[in-house]
Structure formats: structure tokens, C-alpha cells
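Guided by the hints, dock chains E, S and R onto chain Z, whose structure is given.
Residue numbers (full-length UniProt numbering), protein chains in the order written: chain Z, 1 to 377; chain E, 1 to 377; chain S, 1 to 377; chain R, 1 to 377.
Bear in mind the hints are in silico, worked out from the structure with no lab data behind them.
A hint or two may mislead.
Treat identical chains as interchangeable: a pair holds within one or across any two.
[Claimed, not checked] Listed below are the simulated EDC-like cross-link pairs for lysine to aspartate or glutamate, each with C-alpha atoms no more than 20 Å apart in a straight line:
id, residue 1, residue 2
1, Lys-4, Glu-31
2, Lys-338, Glu-31
3, Lys-269, Glu-347
4, Lys-12, Asp-27
5, Lys-49, Asp-27
6, Lys-306, Asp-13
7, Lys-49, Glu-31
8, Lys-4, Asp-27
9, Lys-12, Glu-173
10, Lys-12, Glu-366
11, Lys-307, Asp-13
12, Lys-4, Glu-65
13, Lys-306, Glu-289
14, Lys-4, Glu-72
15, Lys-54, Glu-31
If you want the building blocks of each chain, they are given just below.
Number of protein chains: 4
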Amino acid sequence: MTLKYGMIGGGKDAFIGGVHRKAIALDSTAELVAGAFSSNPEKALASGKELGVKRNYPTWEAMLEGELALPEEERIDFVVIVTPNHMHYPTAKAFAEAGFNVVSDKPLVHSSEQAEDLVRIVQEKGVVFGVTYNYTGYPMVRQAREMVRRGDLGKIRKVIVEYNQGWLATRLEETGAKQADWRTDPKRSGIAGAMGDIGSHAENLMGSITGLHISHICADLTTFVEGRQLDDDGNVLLRFENGAKGVLIASQIEIGMENDLRIRVFGEKGSLVWHQEDPNSLEFHRLGEPVQILKRGNDYLCDAAKKATRIPAGHPEAFLEAFANIYRGVAEAIEARKAGTPLTEFEFPTVQEGAIGVKFIEKVVESSHSDQKWTEF
Amino acid sequence: MTLKYGMIGGGKDAFIGGVHRKAIALDSTAELVAGAFSSNPEKALASGKELGVKRNYPTWEAMLEGELALPEEERIDFVVIVTPNHMHYPTAKAFAEAGFNVVSDKPLVHSSEQAEDLVRIVQEKGVVFGVTYNYTGYPMVRQAREMVRRGDLGKIRKVIVEYNQGWLATRLEETGAKQADWRTDPKRSGIAGAMGDIGSHAENLMGSITGLHISHICADLTTFVEGRQLDDDGNVLLRFENGAKGVLIASQIEIGMENDLRIRVFGEKGSLVWHQEDPNSLEFHRLGEPVQILKRGNDYLCDAAKKATRIPAGHPEAFLEAFANIYRGVAEAIEARKAGTPLTEFEFPTVQEGAIGVKFIEKVVESSHSDQKWTEF
Amino acid sequence: MTLKYGMIGGGKDAFIGGVHRKAIALDSTAELVAGAFSSNPEKALASGKELGVKRNYPTWEAMLEGELALPEEERIDFVVIVTPNHMHYPTAKAFAEAGFNVVSDKPLVHSSEQAEDLVRIVQEKGVVFGVTYNYTGYPMVRQAREMVRRGDLGKIRKVIVEYNQGWLATRLEETGAKQADWRTDPKRSGIAGAMGDIGSHAENLMGSITGLHISHICADLTTFVEGRQLDDDGNVLLRFENGAKGVLIASQIEIGMENDLRIRVFGEKGSLVWHQEDPNSLEFHRLGEPVQILKRGNDYLCDAAKKATRIPAGHPEAFLEAFANIYRGVAEAIEARKAGTPLTEFEFPTVQEGAIGVKFIEKVVESSHSDQKWTEF
Amino acid sequence: MTLKYGMIGGGKDAFIGGVHRKAIALDSTAELVAGAFSSNPEKALASGKELGVKRNYPTWEAMLEGELALPEEERIDFVVIVTPNHMHYPTAKAFAEAGFNVVSDKPLVHSSEQAEDLVRIVQEKGVVFGVTYNYTGYPMVRQAREMVRRGDLGKIRKVIVEYNQGWLATRLEETGAKQADWRTDPKRSGIAGAMGDIGSHAENLMGSITGLHISHICADLTTFVEGRQLDDDGNVLLRFENGAKGVLIASQIEIGMENDLRIRVFGEKGSLVWHQEDPNSLEFHRLGEPVQILKRGNDYLCDAAKKATRIPAGHPEAFLEAFANIYRGVAEAIEARKAGTPLTEFEFPTVQEGAIGVKFIEKVVESSHSDQKWTEF
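Next comes chain Z alone, as it looks inside the complex (with noise of 0.2 Å):
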């Protein structure tokens, strides 16, 4: 564990800064040795302490200027920001300025001129920028996209993504259920709702997969349960640059469903299928033959498949697996910045592609709100 890194939020009551601990963890990528986990000085203190960190910050400026105080060796090597949505920019921002490598959860930022900010201190400081969009983590996911890169499915015409939820068909929020509250309130969680929390990974899974530009969008967001700010459902039609067509729909009301992320790819030599429940296997049709199931572990993926996966085919890998592979990646470019060879291709979702389910998430209520029917992208 040659690694050291700051956490931001993520303190007792959050779900997922847990999740990035573990992830992290798993394949002990990196030590966690500083933290301000929470809004809150005192619970972020408290935190700290609970889980035992050494350097243990009332406030992210606090760590800020503490990291920076030491011998450029102790400091973190990279922080990660697991706050709401409304606190991603500020923290970023602040880090990256000062040279620090970020990952940031996703939504990115608030808005696009934030996200445009954000790519350019990216660009001028060098740091590692990862966002973690963590379902292209998935083994099966990077085999996918490489099948699409390499041409098994020729030129893409069609693509349904979806991410279905239910947890939100009542008024959680209303019950002091944490997860609820933020995401419902537009001052922490942003100008929308559901696609902003889950619509935008169903479009980075989509744009990571197929490689594809989304030109036009017409958007249909709506909020069902009564009193709610922020849509908790939408349905999207997209057409893309190439001239392929889209359907992408997300919803928190679809009672039943628990994290159906899935998504079918249509081309014209061939399809895939993949969920995100079942996601040690890809589905794979082509014109007149059998379907394929390809499963993860098997010597007849592509390198990035292999390279992502930890145990034999049949022992199932799922989601901290997934998001583990998000920091291996972000853990290669760091050492790779350490090294004075930083890499040109990443294997982690970057802050450009932060910045396009920014823009996603913007010209998705703009078009919800249209007369139009096509909102340009």
C-alpha cells in the first residue's frame, strides 16, 4: 500500500463513503490517513476518529492547508470527495488548484461553467481527475466497449439505456431517511432529481460502452410524488452524431426495481445486453446465430476484461469489485504522475467526461422544459 489519501464527507449516516473506503480497501490501493467526513466539525471528528485516521480534520479547508503544511512525501496522494452534490465544486476546485490529485463522486459539479472550470485547473495543474461514474468498473462493462471499439457489432444505430429504481415511489424524505433528504433537495443535490442522481450514470455507461456523441435530446422529466422539488422520473430520446438513436429512462418511483442499470447496444453486425444486477455476463447476438453469453473470468475476454477481474469465472464479482477497479485505474495514473510518465488514456472515468453528464443533466430539464421537440446537445 504504497498510496495515502484524504477523504471529504463520508462520515457516520453516509452510505457511500463507505463504499469508496472499501472499494479502496479491497485491493489495498491506498491508505486512508487524513479526512474531514463531514460538514459538521464535530461529527466530522467524531468520524474521523471512529474509523481510526491519523489525520483527523474539522473542515476540508482545514485539510487543505494541514496536507499542505507537510514534507510533500507524507501528504495524501490523492483526496476523495464524497459529499452532496453542492460541495463536489468548492472541494475540487480547492485541491486540484493546489496540486492535489481528486476523485470526485458524480454528479461532478452544479453546472457546466463549473465543470468547464474544473477540466481547465485539470488541464494546467496535471493532476489525476477521476469522477466516479462506477459502473464502467464492471469487467464486463470494459469488455463491451471494447467489442464496440473493435467492431464486433459494426456501426451502432441503436441504444437503450435505463436505470430503474423504485426507492423513491413515497416520501422517504419525509421519514429522516438521510439518502432521501439530500437527494430531494435541489440546494444539495442540483437542478435535478432522479436523472441527476442516476440518469447521468446510465449516460456515462451509454457514452463509455459505444463511444457515441449525443446531438439532440428530447426530454420528459416529471415528479409523481406530491410535494417532491425535483423530477423523480424521465424519459429521454437521443439521437447522436453518427446518426444512431437512443432511449434512456430513469426513474426512482418504478416500486420493485432496486438498481436496474442496463443497457442493450444495437448494431449492424451485432447487440449486446448487459445488467447491472447480473453483471457477471454479457449477452451478445449476431445475425443469425446463437446468442452468446460471455461471462467474466473466462480467457476469451479482452485484456481490460482480465485485467479487472480478481477470482475465477463462477465466483461472482460485483460492485465494490467494480468500483475497485475505478481506483485501480485512478491508482495507475497517480503512480504514473509520481513517476514523471503520466499516462495519456485512462482507465477511469475523467473529469471531461464529468463535465458531459454536467451538460447532460442541464440540457435534460432545459429540453423537459421545451415546447421543442429536439434540444440541441
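Chains E, S and R in isolation, oriented as in the chain Z frame:
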């Protein structure tokens, strides 16, 4: 076998005519006694001879005349129209006006004007008129319909219905494939391709299960295969009168998808999921409870689902049995009409549903050409 | 419809008689013209009247006499025996000896002595004799058989075949359920319960697909439901002449299992997996390659699988269609016999296969009572 | 991370050692501080260096001596034994006798004599001793166990447990594959091949879920791959003390089967079905009711299942998380021992279960050589 029927179309090389005949034979619902099996008189007579039909006519006009010349009790009880789409209207109109009961394949006719004309004739003449949206004949579709009706799902919020096929991913119509040929020809198929052929099934399935009425649509139709005149793919956003939202996808270029009609219905209290390729099961989700899988043939199902099944649970029933259920419903209505006690509720898709289907096709095409987001239904 | 048939058994309240009639009607394979539908003459005649059969006999003896009294061209072409098991032998023997073609339900008869007698008669008289091990009629079972025959799996090493049901998990026979009543009564069902009723189907499916010959068996039969006289559960180890091993499981007390007949065949080069409740698919595994899912209705299937299908891929076929395929095979053989060119290979389970099934039941029961591990087959 | 551990075996090229380390790291259950990573001292030291372990020993004997020489509070809290099977006994014995807590891979040892010796030592010394039958760590396995215990299934009648693999379908051990090499060598693997390696997992899973005690077994082991010394396939009939019956299948020659451990439990009131390759679901069948699918991460699950999960429903957990749950249980017991309040019930497989597993292997081999049907357990 007390009923007698005649058939228009469905001769040699036809696909769907044989399906209708098998579906009727399965339950000995009626006996085929007459036919005009092709628009080509020679082929018609040859097909009729091969089928061993008693009253073999060269043309449907001859059949109409011939049957009318018989004593009433010897005439066919109903006519089955399984021609390419463009012949539905003249034949259905002529037979219905002459007082014959009619079963017509879908889509009913080419225009709402024609459809309304048929609706009027059916009402005036009091004939039984069924449209073979056959997928509503599946027992588990009837179970789904009943569960929505009795409130198991609460108010419906969202519907996703898809009809995914891949058999027209290449220009099959150039290879002499008869099924592809007429379906891609606007003269015989009408103004829509995939949307008319299978999108209309999806619309009917959705309407049949949910009882929802479409208020607005926003469609994006595409012709992916070069040289083809009609759409081979389409994605549609839907709004319903009760405030529900929907997505309808129909495609014939999704390689590997065989006859993948599927529907998801999400309500305030629960959800249903059904797939045509696994028709004996129905997924039922309720807030906070384990998923239930309901299976055909069990005592816990509703009466309509039980009535639509023949053999015990675990002995799968499929497409032909569902088709046969449509004919059972038609036969019941015809028997009731003969007995002088006509039914007021029908267990088959009526001419009214057929007319909605025609309107759906028109509105989808209209919307697809429009720059306006929402086209009123 | 050129063939004519008569039926013994299968009247009101019976289950399987109706299945046979529907299976024959589906393809218009033959016309029901005669019947003795019950061992109770009054019930027989009432059932025949309801079915509208032309020659309605009070007893099977009367039917035999009556048919023989007709000019040969007016007689039934074959008789279908769907009585409880104990009546298979006398009826099959009498009709076969009189030169009639016969289709008998399974298990063929109560003892190997009776079975060999029937085999002898069939050979002497040259009649067509089918046994309705209906599951071999599924197209994907025929595909599996062909793949084994042509060596796709290499030498077979292991077979696991199961027939899991749960409908007799309680003492249903005490509730007036006719199907449960005779199946649990040794006088009508024979020496075995679940093993005779469904274990014999499993044995036949295994033999039909693999062509393997059993050399030794080791069985453990159980009666779980108190008061029941016959086995309702059984587990069997198998050894085959070629050195392969096997497991056969048959049970009627496995709650929730509906008609879960499934088989796995493992060879030196590949494996096959098939489930009756998902009959349109066949899993094919090859060393080091992605799983293939073969689906009914596709061009890549073998001729026997294609011949056994009626409608396109994705339009599921099921139990009744498979049953109908058995009758298609029988009809072909009868037509060939009538034409003076009798077949030498049959696309239906023959009297010889029926005799093996009877022996299987005897040996399973013998082994279950034995302290010796292996009972020679 | 309060606990410290050492590892014996698990160096470079080993598979399972890394799995143990990841499983422990995932939850920061303990810190790896010592190791003797190979039976070859040079390899041991090289591996330890690569892993960055503080106290790197050339041999396990040196490790035992070294740790004992440390002040008690600095010593490892437990040792993890992940050597080939033949080294389990001497190492476990030595460390347990010296008062160290132990986690050993399965099968525990080579003979019941050795197993009983370990059981005795564990009791005398009061050490915590876990055996990594890791599959019992899955949340849905714990749910199944609870449902059996609380009577949801009624009295158990039948169990079918299978562990199907195909990776040894060819003579892989001749190709330099280390995993295949020692597993097929009686000196290192013991008297059984597939039955020892995976059959013992199946036995433990069955015992863990059902609580049933085997009374008699009847086994048929086979070596299909020429030249191999140990069984690569086995089928076993089981009888239990309560009158229940069972079938256990374990194979490593079933091509295409990856790590297909599955169990079906049938009781008088209901049934359960679970598959390791789809570990987040559990099928529950009750007489006359729709199938229920219980899913990990939901509130309706029992406490033990909830405690064994980390992330929400729909975010799949898998093999490593289940493995980690075993270590969580071990750590709890060690903490309790350290606190002077040793547990009496354990949430991990104990040395006693390990001993039953060894006996199972012995009895399976004995039965397989016997002409007698039933071998007493």
C-alpha cells in the same frame, strides 16, 4: 364444432393464415368450410384445394356472393381476414355490411376514416367484429389486466412497453422473403412499417392491461436500412389522460431480438412485469415485499386467467394457445348473438380497439414529422 | 385430414385425453370418429355424445368389434389409449392383434412380460405403435439428440435428468382429485408412483437424447406422504454401458416445482442443458468458449428441429405443440404403412422404448428393495 | 483495524491466499503483520516482501517461534492457513496448541483421527477456530438457514445439493496449472479429489442451512480423465436421521459449469432454492402460493442476513463479501475471547463442522468402494 368459418387470404406461402387456422383448430372452435385464399384466383383455388375446403372461391367477392346465396344456417358464421393490410378495409366492410361476423388481422385498416366507417357499420349491423391483437389472449396478460383493474397496483404512474425484433436488420425484402416484402411496401402495409406491424401490438397490449388513454405522444421514427421506404425503428414518449407517463419502443432492426414484446407497469402501490417470450410468468412487485412470480395454471389466479388456460401449471402454453383464446372469445360472442342474447363485454379486441390502433399509427407518424414536442392524440 | 382415429378412455374429468385430442387437432393430423371414453359405459356414451363423435361405443370391446365390422377404408386408422395404466395392456394387445395401429399413453404396461408380448405382436402384425413420451416431441430435444449423435459433445460422460413436481406434497388423493386418485393406487397405476408416472418420462428423455444404455441402477424410493401406498419420491444413481454415469431424480412432493423436467448432458467436448418449462431454448457449452443459447425457429438448427416447429423464433411453442409432433410422426408412419412402404426409422417413441420404460420401473423398484448397491439392468 | 493476523501459505501463484487477504481487507477486519507464505523458504520470503509484511518468516515453524517470542499484545491475534490440504493439520495443531486462534481452509485435515485431535485441542485451549467453508457467508444462505430454523418450510423431506464445475474436464494438471496440480495429487489433496475439494463445500452448505444429520450414504465416485488418480466426479444418495432423503452431486468435469453450487430444500410446508452464481436471490415456494423471490438488502430479511450485508439491495454483493463475512464472525469471536467473554454460538464454520466435513469425505470414499448399498455415517 358448431361454428363454421371462411378465410380471406392465408394461402400457400402465407404465415399468419396458418396460425389462425391452427388456433381455431386447437379447441375445435370452428370448422373451416370456405375460403378465398389469395388475391390471385389461381393461387386461391390451389390453396383451397390443398386445404380440402368445401367451398373454394377464386375471389373474396365470389365468396361473399356464394355464401349469401346459401340458406342462412349453411353459411359461414364468421369470416377471417388475413390478407396484407390494404385489403382489410374492403373485405371487412363488405362482409360486415352483409351481416357476417368478422375477425380481421391488425392493423385494422389504413386510416382513421376507414376505421370509423367500420365501427359505424359494426354498430349498425350488430355483427361481432374481432381484431387479432393476439397477445392479449395470454392468460397472464389477462391476470395483469385484472390486477390493474382491482387496484393491486394503485394508480398507474408509468408504463414501459417494448416490441423488439431484429429480423429486418438487413434488407430482407430484396431476397424474395414474402413476409418482409409486403411489410416494407407502403402500398400494402400502410403509412408505417415497424410501428404499424408491431408498435400497434405494443399499444394495444398497454391499453388492454392498463386501461389508460393516451393524451399526447412524441415520436421519433427511423429507417435504418438503406433503400427501405417505411420506418424500421421507432421510439415514442407517451402522456396519458390520468397524468401517467410512458415509453413505447418498437424496432425490427435490433439484431438477436426475436419477438421480444414486454411490458412494465408501475403504480403507486405495486408493479407488474411481463415478457411475451416467457409468457407463463408474471412478476408482481409490492412496496417493501419480496417479488412474487405468478404462474399460469394456478388456483390463485383470477377467473379470466384460469378460463384462458387448458393444461396444468408447468406444462407451458404459448403463442398458439393465446391466439386460440381470442377465437374462443369471438366464438362466445357469436354464439350469444345467434342465441339472440348478444354480449356487451367482449373477451377479444374489438373494432373500437382496432380503430384506436389505427389512430395510434397515424399519430405516431404525424408526431415523427413534427417539430413540436407533443402531438395531441 | 385424411386419417381417422378412435379413443379409449379420455372422457369427462380426464385430463390427458383432452390433451391428445388437442394435439391431434392442432395440425389437423386426424379426425376423431370413434370412441369408448370410459370404463363405465354410461359415462363413456355421455362423453362421446358431448364430443360429438360419430361412432360412440359403450366399451372398448364394442369398439373393436364395431370397427372390424366396417369396410376397411371406413375403419379408424389408429386407436389412442388414454386410460389409467392398468388398461393399457388388454386394449393395446386386442387392437394391435386385430391389425390396428395404436398410440398408447405411458407407461406402456404393468410388467416386462406384458411389454415383450406387445413388442412381439407389433412385429408380427406390422402395426405402427407409438407411446406418448411426449417430451421428446420438443424441437429443442430433437436438436439435442442430433447434437449428441453428430458428436458435438464427444463421448458422453455424465447425465443428470430430473423430473421435479410438488402437486402430491399433501394427500391430495383423499380430496376427490381424480388425477391423484388413480396415480396413487397400485391397482391402476402399477408398482410405482412418481417413478412410474414421471420417472419413466425422465428415463425416456435421457435415452432419447443420449442414446445411452443403462447397465446398472441404484435406487432409493420414498413415500413421504403418510398413508400413501406408492413412492412419491425417488433418487437413482445410474451406470451406462459406455462407462458414463448418471443421476435420475423424480419427485412429486417438492413443493413449488410444477413440471420441472430438466436434463444436463456432459461429454468430453461439450455439454447441453434443457428445461421443459423453458422449452424453446437449449444451452450449449464448449470447452473454453462462451455459452451458446440455441433457440427454436432459427435457421442454424438441424432439420429434425426445424421440421418440429410451426411458427417463427420468438413466438413460443410449448407443450401441446410438442405433443402434436409425436402425432405427426405417428401419422407419417401410418401413411407410409398404408402406402405399402413402411418406415424403418420412427420420429416418435416406439413400443420398444415403451418396453424399456417398463423395465426401468421394475428395476428401480427392485433396486429400492435391495441391500445390494447395484442392480443389473 | 484492531486485530493482527499472520498467514501460512498463500504466496505468489497461489489463488486462495489472495482471496483471504482481500476478504479481510474489505472490512478492515484485521491487519496482515506476519507470514510464512510458502513451504519453500525462498519463495516464502520473496512473497512476504512483495506483500510488504512486517514480520516475514521463512517457515511456519519460525513464525510460531517468532510470534511466541513477542510480548503477547504484539503477537498476531490469529493465523490463517491457506496451504495445500496436507499441511493443514501440522500447522493448525501447532498454533492452536500454542494458544493462537486459527482460521484454516477446508477440508480441515486428511483424516477423522486428525480432525478429532484438533477438536480436542481447540476445546482444551479455548482458542477460536474457523474453517473457511466460505459459501455459508452469503447473506441469503443465512436467510435460508433462518427460514428452516423458524419452521417456514416445516419438517424437511428432501435436499438436493450440487457443486458443478468443468475446469478439470481435461488433464489440466499436466499443463503446469498449479491449482490443478495439487488438487489431483493424493499426497497433497488427500483421499478424494472433487469430493474433497468441492463436495465437502456442498455437504457443509447443506448441513448449515438444514441442520440435518446424515445417517447413511451411498456414493459412486468416478475418475473420468485418464491418468488422474483421484475422483473428478461423484454422485451420492443420502439418508438423514430425521427420515429425510438427499442427493449430493459434485463434479469437476461438467464442461461449461463454472462454480455452480446450488441447493434445493423441500419441506412439508415449503421449499427454498439458492444458486451461488446468483447469490443475491433466494426462491421461496409455499403450497398453493406464488413463488417469492427474496433479495439481499431488503428490510424483510432476518437479522443474520441483514448483518451480513454492506450495500443496498440491487447493488450486488458476491463471493468476496461472503468470504469477508466469515472473517467478521471470526473476528467477533476473537474480540469476545480477548474481552474474556467467549462466545458460545459462532457465525462461522467451526472446527466441529470441519471434522464432519472430513468424515464426509472418508465415508464417501468408503461407500464408493463398497458393494453394500448403504454405508453408515
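Hints, one by one, checked against the model:
1. In this assembly of identical chains, the alpha carbons of Lys-4 and Glu-31 lie at most 20 Å apart whether taken from the same copy (5 Å) or from different copies (16 Å).
2. In this assembly of identical chains, Lys-338 and Glu-31 lie within 20 Å of each other by CA distance solely inside one copy; the values are 17 Å within and 27 Å between copies.
3. Taking CA atoms no more than 20 Å apart as the test, Lys-269 paired with Glu-347 passes in neither setting, with 27 Å inside one copy and 37 Å between copies.
4. In this homomeric assembly, Lys-12 and Asp-27 come within 20 Å of each other (Cα to Cα) only across copies, at 16 Å, whereas the closest approach inside a single copy is 23 Å.
5. Taking the shortest Cα distances, Lys-49 and Asp-27 sit within 20 Å of each other only across copies (17 Å), while inside one copy they are farther apart (23 Å).
6. Within a single copy, Lys-306 and Asp-13 get their C-alpha atoms only as close as 35 Å, which misses the 20 Å cut-off; across copies the closest is 16 Å, which meets it.
7. For a Cα distance limit of 20 Å, the shortest separation of Lys-49 from Glu-31 qualifies both inside one copy, at 16 Å, and across copies, at 18 Å.
8. For the homomeric pair Lys-4 and Asp-27, the shortest alpha-carbon distances inside one copy (13 Å) and between copies (18 Å) are both at most 20 Å.
9. Taking the shortest alpha-carbon separations for Lys-12 and Glu-173, only the intra-copy value of 18 Å comes in at or below 20 Å, while the best inter-copy value is 50 Å.
10. Proximity of Lys-12 and Glu-366 under a CA criterion of 20 Å is satisfied in neither setting, with 36 Å inside one chain copy and 55 Å between copies.
11. In this assembly of identical chains, Lys-307 and Asp-13 lie within 20 Å of each other by CA distance solely across copies; the values are 16 Å between and 33 Å within a copy.
12. Taking identical chains as interchangeable, the C-alpha atoms of Lys-4 and Glu-65 lie at most 20 Å apart only when both belong to the same chain, with a minimum of 17 Å there against 33 Å between chains.
13. Proximity of Lys-306 to Glu-289 under the C-alpha cut-off of 20 Å is restricted to the inter-copy arrangement: shortest distance 15 Å between copies versus 25 Å within a copy.
14. Proximity of Lys-4 to Glu-72 under the C-alpha cut-off of 20 Å is restricted to the intra-copy arrangement: shortest distance 12 Å within a copy versus 30 Å between copies.
15. Taking identical chains as interchangeable, the C-alpha atoms of Lys-54 and Glu-31 lie at most 20 Å apart whether they share a chain (10 Å) or sit on different chains (16 Å).
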